[in-house]
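Add chain B to chain A, keeping to what the hints say.
In case you want the letters, here they are:
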Amino acid sequence: MSETASASIVDRIRGRLEGPNTIGNSTPFWVGLGVVFAALAVFPLLTDPYTARQSSRYFALAFLGLSLCFVWGYSGILSFGQVAFFGVAAYTFGAIGINFSSATGIGAATIGAVAVGTLFAAVLGYFMFYGGVRDVYVTILTLVVALVLHTFMAQTAGSEWAIGDAQLGGFNGMTGIPDLTLGVGASGFVFDGIELYYALLFGLFVTYLGLRVLVNSSFGMTMVAIREDEERTATFGYDVPFIKLVVFTIGGALAAVGGVFYASWGNYVDPTVFGIAFAALPVIWVSVGGRESLLGALAATVAIERMQTGLSGGVGDFLGPEWALVIVGGLLLVVIMFMPAGVVPTLDSIIKEQLAQRRGQSSSPTATEEASD
Amino acid sequence: MSSSSDPTVRQTPAVAATGDATDTILATTQLTKKFGGLTAVDNVDFTIDDGEIRCLIGPNGAGKSTLLELITGQLRPTKGGIYFDGQDLTDLEPHERIDTGISVKFQSPHVYENLTVEQNLRIPLQRTDRDTDAVLEQTLEEISLTEQVEMTAGDLSHGQQQRLEIGMAVTLNPTLMLLDEPVAGMSVEETREVAELIRSLHDDGMAFVVVEHDMEFVTEISDQVTVLNQGQIFRQGPIEEIKADDAVRRIYLGENA
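First to last, the protein sequences are chains A and B.
If you're matching positions, the first sequence starts at 0 in numbering that gives the first Met the number 0 and goes up one per residue.
If you're matching positions, the second sequence starts at 0 in numbering that gives the first Met the number 0 and goes up one per residue.
In isolation and in its complexed conformation, chain A is listed as follows (with noise of 0.2 Å):
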């Protein structure tokens, strides 16, 4: 009897996790979730300080890559800016916490940055969606909006330039910026190295989780529906600029706890966050795992960000560490001619093709199951 019930509510659990929109609806794909999960929670008891530190960092760079697929792969809002919300929030981080540096004061940083970077795609939302700004002109718009925060940022070299005890740095950047810390009053829990690395994968897991909820829901049958056809959903009653403001408002407000989590794991900020490399990152990120998976954009951040470390030293004797980006570039270039949806979706189909080939051949009952997974 109880068994059932438990049934029942993982039965129920699951569909809201699973649906037409996202990739891997399937019993065998939540234990390999699983699996994968377990073995990033023992990665750094086996390996060294270090490498488990700068997982840390590809991890915090995943919300940033998240936050692009939410925007542009769910709902056709192909943003250039999302470093902009990125950069904002850790810049904010930076200075309350430099300025309050009390368990309090930070927990305070790491609100008053979400919201600030969230607030600020907002507005920026607002004044493109109902101002009719559309398409490629979003694209362009929000890629100027990160490159005159560069400007901006770059030009703050002076003294002068500090908000309370926070010097904005120029091109040196902010540096000082504190760690994250849970707790209230004086000190708390301080998220450093091993913890911060804990933090981040468990916060990753739970968004990417909360966010296949959200677009299996029947809001996401509506982003997708406005990324599909933007008239079309209108004359269904949609209301389409505020649809797309809320969507863009969610991604800004993911990409701005990345920039949270980037500030403090690195203790520091500078204006490189705005530049046109940074900004391309995400769309790279993004094209490459499959802008219409939420795993896809989860995985191929990590797995590139990971391969640019690695190249980082050169590559044998003869390609310098300058071809790191060449070679994330042609990378780009292979998945983009060859596999357009990107490379998890192309993944799962190939997967799905196989299994209902050996089904055919089969024909038996028992994976008739799997299919309407």
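Please keep in mind that the hints were generated in silico from the structure rather than gathered at the bench.
We treat Cβ as the ideally placed atom computed from N, Cα and C, and that holds for glycine.
Be aware that one or more of the hints could be misleading.
[Stated by the list, open to error] Computed footprint of chain B on chain A, listed as stretches where at least three residues anywhere in the stretch have a Cβ under 8 Å from a Cβ of chain B:
hint, stretch
1, 46-56
2, 230-237
[Stated by the list, open to error] Simulated restraints on C-beta separations:
hint, chain 1, residue 1, chain 2, residue 2, range
3, B, Gly153, A, Ala40, 38 to 46 Å
4, B, Thr131, A, Phe218, 14 to 22 Å
5, B, Asn59, A, Phe218, 36 to 44 Å
6, B, Gln137, A, Leu354, 19 to 27 Å
7, A, Pro48, B, Ala133, 53 to 61 Å
8, A, Val333, B, Gly36, 51 to 59 Å
9, B, Thr218, A, Arg133, 52 to 60 Å
10, B, Gly153, A, Leu354, 21 to 29 Å
11, A, Val205, B, Thr131, 30 to 38 Å
[As the list claims (entries may be wrong)] Chain A residues, not near chain B, derived (Cβ > 10 Å throughout):
hint, residue
12, Phe36
13, Val147
14, Glu159
15, Thr174
16, Gly175
17, Val223
18, Ile326
19, Gly329
20, Leu330
21, Leu331
What follows is chain B alone, placed relative to chain A:
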């Protein structure tokens, strides 16, 4: 807010749209749309009764599609008002007009080509309070696409896509349905199926405004026909009368001089 409290508006058909005297549900008053020097819709007073099927015909450039787009709010009128079911629509956003009970299928086919038939129907359906499997199945049956439910809409035939589009508009359960050339490019068989679909929805009480060139189709479905020419209402009446009208024939043959 209520237009009937305003004495200057009381004389207009808008009041009729509240259901006072007749059962008019849609009324436009002196509706005018100018594009630069061109007057596409010129002082049109157009009314639709509850539950009727009205065909809108006229030569190319007569203003038929413009009139529909003014009613749905895709275009803003230069002058005049639009009233539906007792409400003044003139200043409402397009999506707000849909919520008053108007549904529309535009001229160019716009199904979600990359999504399945089911998803195509779910998108409008989930906006309503009748988003159930039963309603979905009933709609699929009405548009004869039950077997294609898992198919990607882009893989459907032209006729199936047109039926799906009508089905998508129907799921909103509108009082009035606007169809712009629903049988354009369809085979005889497909045209007949659409006519049947419209008639059966009409039997359930749905009103239609249909822009169409296919006179056979028009004859098959409509009671009343409105002929537009150069943005104005040229003739209005039962289909047989219109077909027999020499002046109507002339404008269709381009001899309107």
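- prompt: Of the numbered hints stated previously, which ones are contradicted by the structure, given in increasing order?
  reply: The structure breaks hints 1, 6, 9 and 17; every other hint is satisfied.
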